[in-house]
Amino acid sequence: MIEVKNLKKTFGSNEVLKDINALISPKEVVVVIGPSGSGKSTFLRCLNLLESITAGHVSIEGVDITDKKTDINKVRTEVGMVFQQFNLFPHKTVIENIILAPMRIRKLSAEKARERGLELLRKVGLKEKADAYPDSLSGGQKQRVAIARALAMEPKIMLFDEPTSALDPEMVGEVLEVMKQLALEGMTMVVVTHEMGFAREVGDRVLFMDGGYIVEENIPKELFENPQQDRTKSFLSKVL
Amino acid sequence: MIEVKNLKKTFGSNEVLKDINALISPKEVVVVIGPSGSGKSTFLRCLNLLESITAGHVSIEGVDITDKKTDINKVRTEVGMVFQQFNLFPHKTVIENIILAPMRIRKLSAEKARERGLELLRKVGLKEKADAYPDSLSGGQKQRVAIARALAMEPKIMLFDEPTSALDPEMVGEVLEVMKQLALEGMTMVVVTHEMGFAREVGDRVLFMDGGYIVEENIPKELFENPQQDRTKSFLSKVL
Amino acid sequence: GSSGTNAEADGTSGEKKKLKIATEANYAPFVFLDKGEITGFDVDFMNAVAVEAGYEIELVNVGWDPLFVEVKDKLSDLGICAITINDEREQTYDFSVPYYLSTNEILVPEGSDIKSAADLKGKVVAVLGGTTGQEAVEGILGKNHKDIKKFDNNNLAILELLSGGADAVVADNAVVQEYAKNNPDKKLSIIKDEEGFEKEFYGLMFPKGSELKADFDVAVTKILENGTYEKIYEEWFGAEPDVATILAEQK
Amino acid sequence: MDFRLDILVEYIPFFLKGTLLTIGLSLVGILIGTVLGLIIGLGKMTRNKLISFICNCYIVFFRGTPLFVQILLIHFGVVPMLIGHTNGIVASIIALSLIAGAYIAEIFRAGIQSIDKGQMEAARSLGMNHVQSMKDVILPQAFKRMIPPLGNEFIVLIKESSLAAIVATPELMYYGRALASQYYRVWEPYLTAALIYLVLTTSLSYLLNRLERRLATE
Amino acid sequence: MDFRLDILVEYIPFFLKGTLLTIGLSLVGILIGTVLGLIIGLGKMTRNKLISFICNCYIVFFRGTPLFVQILLIHFGVVPMLIGHTNGIVASIIALSLIAGAYIAEIFRAGIQSIDKGQMEAARSLGMNHVQSMKDVILPQAFKRMIPPLGNEFIVLIKESSLAAIVATPELMYYGRALASQYYRVWEPYLTAALIYLVLTTSLSYLLNRLERRLATE
Ligand SMILES: Nc1ncnc2c1ncn2[C@@H]1O[C@H](COP(=O)(O)OP(=O)(O)OP(=O)(O)O)[C@@H](O)[C@H]1O
Ligand SMILES: Nc1ncnc2c1ncn2[C@@H]1O[C@H](COP(=O)(O)OP(=O)(O)OP(=O)(O)O)[C@@H](O)[C@H]1O
Ligand SMILES: [Mg+2]
Ligand SMILES: [Mg+2]
Numbered sequence: 001m002i003e004v005k006n007l008k009k010t011f012g013s014n015e016v017l018k019d020i021n022a023l024i025s026p027k028e029v030v031v032v033i034g035p036s037g038s039g040k041s042t043f044l045r046c047l048n049l050l051e052s053i054t055a056g057h058v059s060i061e062g063v064d065i066t067d068k069k070t071d072i073n074k075v076r077t078e079v080g081m082v083f084q085q086f087n088l089f090p091h092k093t094v095i096e097n098i099i100l101a102p103m104r105i106r107k108l109s110a111e112k113a114r115e116r117g118l119e120l121l122r123k124v125g126l127k128e129k130a131d132a133y134p135d136s137l138s139g140g141q142k143q144r145v146a147i148a149r150a151l152a153m154e155p156k157i158m159l160f161d162e163p164t165s166a167l168d169p170e171m172v173g174e175v176l177e178v179m180k181q182l183a184l185e186g187m188t189m190v191v192v193t194h195e196m197g198f199a200r201e202v203g204d205r206v207l208f209m210d211g212g213y214i215v216e217e218n219i220p221k222e223l224f225e226n227p228q229q230d231r232t233k234s235f236l237s238k239v240l
Numbered sequence: 001m002i003e004v005k006n007l008k009k010t011f012g013s014n015e016v017l018k019d020i021n022a023l024i025s026p027k028e029v030v031v032v033i034g035p036s037g038s039g040k041s042t043f044l045r046c047l048n049l050l051e052s053i054t055a056g057h058v059s060i061e062g063v064d065i066t067d068k069k070t071d072i073n074k075v076r077t078e079v080g081m082v083f084q085q086f087n088l089f090p091h092k093t094v095i096e097n098i099i100l101a102p103m104r105i106r107k108l109s110a111e112k113a114r115e116r117g118l119e120l121l122r123k124v125g126l127k128e129k130a131d132a133y134p135d136s137l138s139g140g141q142k143q144r145v146a147i148a149r150a151l152a153m154e155p156k157i158m159l160f161d162e163p164t165s166a167l168d169p170e171m172v173g174e175v176l177e178v179m180k181q182l183a184l185e186g187m188t189m190v191v192v193t194h195e196m197g198f199a200r201e202v203g204d205r206v207l208f209m210d211g212g213y214i215v216e217e218n219i220p221k222e223l224f225e226n227p228q229q230d231r232t233k234s235f236l237s238k239v240l
Numbered sequence: 001g002s003s004g005t006n007a008e009a010d011g012t013s014g015e016k017k018k019l020k021i022a023t024e025a026n027y028a029p030f031v032f033l034d035k036g037e038i039t040g041f042d043v044d045f046m047n048a049v050a051v052e053a054g055y056e057i058e059l060v061n062v063g064w065d066p067l068f069v070e071v072k073d074k075l076s077d078l079g080i081c082a083i084t085i086n087d088e089r090e091q092t093y094d095f096s097v098p099y100y101l102s103t104n105e106i107l108v109p110e111g112s113d114i115k116s117a118a119d120l121k122g123k124v125v126a127v128l129g130g131t132t133g134q135e136a137v138e139g140i141l142g143k144n145h146k147d148i149k150k151f152d153n154n155n156l157a158i159l160e161l162l163s164g165g166a167d168a169v170v171a172d173n174a175v176v177q178e179y180a181k182n183n184p185d186k187k188l189s190i191i192k193d194e195e196g197f198e199k200e201f202y203g204l205m206f207p208k209g210s211e212l213k214a215d216f217d218v219a220v221t222k223i224l225e226n227g228t229y230e231k232i233y234e235e236w237f238g239a240e241p242d243v244a245t246i247l248a249e250q251k
Numbered sequence: 001m002d003f004r005l006d007i008l009v010e011y012i013p014f015f016l017k018g019t020l021l022t023i024g025l026s027l028v029g030i031l032i033g034t035v036l037g038l039i040i041g042l043g044k045m046t047r048n049k050l051i052s053f054i055c056n057c058y059i060v061f062f063r064g065t066p067l068f069v070q071i072l073l074i075h076f077g078v079v080p081m082l083i084g085h086t087n088g089i090v091a092s093i094i095a096l097s098l099i100a101g102a103y104i105a106e107i108f109r110a111g112i113q114s115i116d117k118g119q120m121e122a123a124r125s126l127g128m129n130h131v132q133s134m135k136d137v138i139l140p141q142a143f144k145r146m147i148p149p150l151g152n153e154f155i156v157l158i159k160e161s162s163l164a165a166i167v168a169t170p171e172l173m174y175y176g177r178a179l180a181s182q183y184y185r186v187w188e189p190y191l192t193a194a195l196i197y198l199v200l201t202t203s204l205s206y207l208l209n210r211l212e213r214r215l216a217t218e
Numbered sequence: 001m002d003f004r005l006d007i008l009v010e011y012i013p014f015f016l017k018g019t020l021l022t023i024g025l026s027l028v029g030i031l032i033g034t035v036l037g038l039i040i041g042l043g044k045m046t047r048n049k050l051i052s053f054i055c056n057c058y059i060v061f062f063r064g065t066p067l068f069v070q071i072l073l074i075h076f077g078v079v080p081m082l083i084g085h086t087n088g089i090v091a092s093i094i095a096l097s098l099i100a101g102a103y104i105a106e107i108f109r110a111g112i113q114s115i116d117k118g119q120m121e122a123a124r125s126l127g128m129n130h131v132q133s134m135k136d137v138i139l140p141q142a143f144k145r146m147i148p149p150l151g152n153e154f155i156v157l158i159k160e161s162s163l164a165a166i167v168a169t170p171e172l173m174y175y176g177r178a179l180a181s182q183y184y185r186v187w188e189p190y191l192t193a194a195l196i197y198l199v200l201t202t203s204l205s206y207l208l209n210r211l212e213r214r215l216a217t218e
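Residue numbers (this note's numbering), protein chains in the order written: chain A, 1 to 240; chain B, 1 to 240; chain C, 1 to 251; chain D, 1 to 218; chain E, 1 to 218.
I should point out that these hints are in silico values taken from the structure, not numbers from a laboratory.
It should be emphasised that the depicted structure is a prediction, and the values quoted were computed from it without experimental measurement.
Careful: at least some of the hints might be erroneous.
As the list claims (entries may be wrong) - With the C-beta cut set under 10 Å, the calculated list includes, among others, these residues of chain E facing chain C:
| # | residue |
| --- | --- |
| 1 | 7 |
| 2 | 11 |
| 3 | 14 |
| 4 | 85 |
| 5 | 88 |
| 6 | 113 |
| 7 | 178 |
Ideal placement from N, C-alpha and C gives every residue a C-beta, glycine not left out.
Bound conformation, chain A alone (with noise of 0.2 Å):
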């Protein structure tokens, strides 16, 4: 479960995040959508700390992770993300990219961290990649690969960033895909996405941001067709 209270970013004078606050339980997968710069990543790095907090609280399963005291090495390996460049590590293959965390933190064996590597890249169907680089990848592929490294961790959170812009379209249907099936399973989802389908089809929630608020939020089907704020309204009427 996720809290968000009065959550406040700022970049030296720059508010990016004013005041937001939010909910997220167990197994929910929650959309963000909203205009350019309205804050939509820097929320989410908010979530695993990539960005310091200003302001207000955070607490993931429980523990407050503004607090001094956590240890947000930890909290990192049970909230996995992924992002829109994929950053991949381009010196280590497939399989040396997701095991590495699992080896190094989870202290597991090579072979056992493998062994449970390749079956992370069979259930994002790159099993036959495990030994090739990052580089000779598609787009889709190294996406599948990030998500299946994020995984390697178990962790009980997953963020996504925007996930399939940086892809060629004919392969955003083949990472949409293994999101779904992700959230088939259970998984807790917080996606930044302009994949206004894939938002209809398995979102429970979406949250519209723009200026550093949530501005609007709502199950998909209502939000899309009855959207309340006008500027929900002038957004939607561009994207959709």
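Assemble the complex: chain A is given as a structure, and chains B, C, D and E with the ligands must be docked to it using the hints.
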């Protein structure tokens, strides 16, 4: 009019365009689709000789551009091009971007060029940004400036290479709108894009490329709803 | 290429042309810069010789390596800079008759077991490259012996001794005394060994085949014989020169 | 270690003169070197194999041999051919310019190559020819990126100009050596010279940093 | 220009010995310098203000003063303190290592900063701490990018090692000077030395180019 006959293009030993034949009439809007790496960009770039042509012939308005004696700079003034990455000149203001080529090549006076440049900016809805630098613009604004810049040379043909795929979703619309307007005014256009809505609404014809060939072509409605080739079907099933 | 010297170019002004004389002002007390002015024993001597020979001269500080190119390529008419005459150099240059007898001395730390030139065998000796000191030591240890450290600056050679990197420095006595004068507190002993070292002489250096050599040979001998030399020598070194030995070597 | 301030005081005017010449030499060197580097850099990038080869040889030679030897070569080989007699200052300027030119040619090439290929393509697709595109689009952007490495080259040149002393060019190091050999003392002149070089180079790199930051935010 | 081959022939063994020492000095210099550069570079990047300041001073000093002075300082100041007496080879190695360290620190910093920020974020988001992320993710990639500039530094070091001659370290230039002062002839030794330096540096940069190309295609 554009005539492409047995066009071949190889990079080293990689044959990217294998045998392309196409005839594009004046005022026609042709949309090119196809998987990544199929040669769409290369095809487009051969039309204004940004890539040297390995074999075959391309003629623009009756001029064979593969002929060594052809003044390619002159041909290029007739063929405007808009890139995915905008490629605005960052050290020049918006209006300077637009008037540079007309002043250098058409030898327009600064006032005359500026006057016409402002007219074009008005057309793409950015008159008030004339003296801004590109870095201060949003992606959609940049792409509209890029279109205005290409139009400033008064080309007879416009080439677009995925003009919206580097844009945030809510900015796609404003760029497509400008392109639609251009089509309505009777500009001959070749557009590589993944925006099937645009293709359907504005395109006179769709070419589907794969593996260096034009595999199938038809009017948009027919091609999208009734693809004949297996490769076309499989591609469309992923993208639509 | 340049034909002749630039001195010839201004030769229109008088009977005898003004000579360009190359030196490197980095070797006190022979030639050095005193607040920007080239001075030293060699300078006074050169002026006296020029007057005797009836030439106007201009002394130019060109640097050490450049000195040789200047003279060899006849960019300068001659060079003076405490230059030691030896067979190898005579293959490339002409030298005047000797004008200075260099007495080499050994500089050692106080209490050193080196008492004579012969004791240098097996010791590490620092010298100034291209000087009589180097010649003298190579005469004892052998050419390019690994125990000879050649510096391009006497300061560094002596500093090497003080820092324990060499057991002795061999240098011209004038240099040794100049050093001692400026660094009175260093605990060094000076060993003289007139017999141990071969005699080394300084000469004026001319391009091969220079016609000036004859004039200057005569002038040098004259200066040595008429007492001018002694005056200059005493002024700089506070001692009497061994004119007889130099004149004997000239024969 | 005793340190004789009196002899330093005596040499103050000479250190000043020398420092001015050091600055002058490096300044002229960087200016001529920039022009030269531009020519050589462009030459290396042309399609003409011969010109490109010659320019490459130039770069390889000047980057591959010690400056010490280059200065001697120029002092005795080049300068007398040009002006009929040797001249330390002329030789130093030529040598510093030539070596700077070799490094700046590479800076220049790197600067041009760092400009996104799309810029040239955009300019060409507008119908501008190669020269126009270079002049109006590529070079202005490349120059801006070249400022920091050019500044570094200036700093390098300040230090390298100390070698001009071997052909008796009366710059900072020359007077340092003069002082050393007049008084047979090493630390006073050399530490002073080092300090002056340090002040020159650090103030220059401070200025550069500020300039770089100004350019970045522009 | 007459050119006496006979005296060169006489000096062949010395030139050989000198060249070997030149290579040895620069090789050891680059190796120690790399370790040092790593430490200083990391030191400059730490959040600890004092360590960062000290490392910065180190870099500023060694980059801002002529190597000539540095070698003297180390030869007469540092080495006697360490081993009780001077030793040209030890001093040259230390001086070359220290200066290389200053430049490599910057190469190192640039290499690390050239790695996309996303790499560190990806590693941290997996729960790896800063040190683990550096070690497993950032450094291996940075090292690969450092190879070309490290190679360049090696070339620079080969040339700079020629200054070791001033403290009578018997490398290439030392024997060049010995020959010059024995015969009072300049061109034979210095042109030969220049040629040897040129061969050393160009063959090294040829090897570097090949290595770079191999790395690029990997
Ligand atoms: N590291 C940073 N330093 C300074 N400002 C930042 C930083 N990261 C983001 N910002 C600013 O914060 C604001 C919100 O950025 P954020 O990336 O969260 O938006 P977003 O909603 O994810 O937009 P997009 O859809 O473009 O990804 C922007 O104005 C951005 O310029
Ligand atoms: N300059 C080049 N040198 C070598 N190969 C190239 C070059 N440009 C393109 N290619 C190759 O040509 C093929 C086709 O590339 P092209 O960019 O035309 O494809 P595309 O259909 O535009 O794909 P995308 O949708 O990814 O833009 C690819 O395999 C690509 O690697
Ligand atoms: Mg974002
Ligand atoms: Mg393309």
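Hint check:
| no. | hint | result |
| --- | --- | --- |
| 1 | 7 | holds (8 Å) |
| 2 | 11 | holds (8 Å) |
| 3 | 14 | holds (6 Å) |
| 4 | 85 | holds (3 Å) |
| 5 | 88 | holds (7 Å) |
| 6 | 113 | violated (41 Å) |
| 7 | 178 | holds (6 Å) |
Checked against the numbered hints given earlier, this structure breaks only hint 6.
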